[in-house]
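Student: Sequence:
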Amino acid sequence: MKLTLTTGAALLLTTAATAGGIDRTLNNYSVLFEDGNYAELAFSFVRPDVTGEYPTALGGGSTGVMSEDYETAAFSMKYELNPTVDLGLFVNQPFGADASYPEGLYTGLAAEWDSNQVALVLKYQATPNISVYGGVRSIESQADILIPNALVAGPIAQSLGAQAQADGAVAQEIGARALAIGGRAQDTADRAQAAAQQAAAAAAAGDLAQAQTLGARAAALGAQAGELRDNAVALGAQAEAQGAAAQALGAQAQAIGDIAQTASPTDGPYTYRANTESDRRTSYIIGAAYERPEIALRVALTYESGYTHEFESFETIPALAAFPVTSVTEIEMPDVLTLDFQTGVAPGTLVFGSIRHATWSDWQVAPAGYLALTGGPVTGIDDDVTTYRIGVGRAFTDQLSGFARFTYEDGNGTELSRLAPTDGSRAFGIGGSYTRGAVKFTGGLEYIDFGDGNDASGTVFADNDAVGLGLSVGYSF
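Taking this note's numbering, I'd label the letters of the sequence shown as residues 175 to 651.
Quick caveat, the hints were computed from the structure, so don't treat them as lab data.
Any given hint could be a false lead.
Now the in silico label distances, taken between C-beta atoms and shown as ranges [unchecked claim]: (1) T548 to P276: 21 to 29 Å; (2) A340 to Y458: 51 to 59 Å; (3) T548 to R610: 56 to 64 Å; (4) L263 to S479: 14 to 22 Å; (5) T523 to P257: 35 to 43 Å; (6) S501 to T560: 30 to 38 Å; (7) A496 to V265: 39 to 47 Å; (8) D432 to T490: 18 to 26 Å; (9) F615 to D432: 55 to 63 Å; (10) D381 to A418: 50 to 58 Å.
Everything numeric in this text was worked out from a predicted model, so none of it was measured.
Ideal Cβ placement from N, Cα and C applies to all residues, glycine included.
Construct the complete structure from the given sequences, taking the supplied hints into account.
Tutor: So this is what it looks like as structure tokens:
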């Protein structure tokens, strides 16, 4: 019962990986605790159904199904080197993303992340009840991103339009100052003319001293009026230039706005593409386990270290002179700590589960060109992800057993990423195993209900789910 149930439960982990982060396939470390030598080949198929509803301001309607179906394959093997040392080998696709929007404003928005992993682990049986294990894993990843023309051109047009309005307001303010100074210049000129007339009258009356004083005053006022008039003219010219610049920006904003609405989403002048070369990195694995085989008890704690991908990235936006951009994009992958447990609770009955914490808040995708253009990343995950699983298995005969489990990830209530628009999940899985001689067949089916939320534009993603199917064949030798 122990072997059938624990391996079968681990198999379903591959089908629930559509939830937090971009996890796809988890290393099945329970293989390390199989008796003798053991090899397992596992396959999974996941069909997510994730759609959103645009707000009225964006035209309403559905985004269409933005989540693509995917399949994974995994190979796990444990080989007994001697009575106390075992070697484990794990080959799988640990991370992945495949998003593509077919309808509405987001049409063409797409992201793809592919990965492959090879892990080698040595397990040492220190005592009959305690074992320790550790090793390294090598992960190769590659990513592609496409942001459609409208999602790039629209914000640029809005930014230019806002700048045009601001520049227009400044032009109006400068024009108002020019008018005010012009009014002061005219008033000063009138006073200068009045002083000159008074000086002429004083001279005609023979009061030369008064005439001289008034004449000097008239000259000073005239000079002041001329200076004010020059200032008014200069400000008027500045206001005119500022207004012309505002009109030019407004026209540019209008033109780009028209392009945002009419150009091809995937081949428009403002379509953003980012492609990376494959990058391979290594990290380490350490763990320890406590077992009491007589009651099918095992508690194992496993740590997988995070690492940093350094992707050679190439970004393009045809209409912008600052592109193309070639750079190195660093993406932090999470540290993962997992507590697995199982115990017999009655003859033929096993309870199993796990708590897994991954530091996905470290993960964001921010290529240099996009970051310089927008000031932010293409996408990221705001919070760490903790996954809780609990299940029960039952042996019906020596050959046949079944299991069921529940999985929970809490939502964080933050703004959703358009490329991963879910907030937490709840999942229920069932499955069974059949053993015939040295061969074991296991299958499982899981239903995942994703949490609801909104993205930055107000698009609502609700009532989304996924179905996963997992199959494996194990062989003891």
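Student: Taking the numbered hints from earlier one at a time, note which ones the structure violates and give those numbers from smallest to largest.
Tutor: 5
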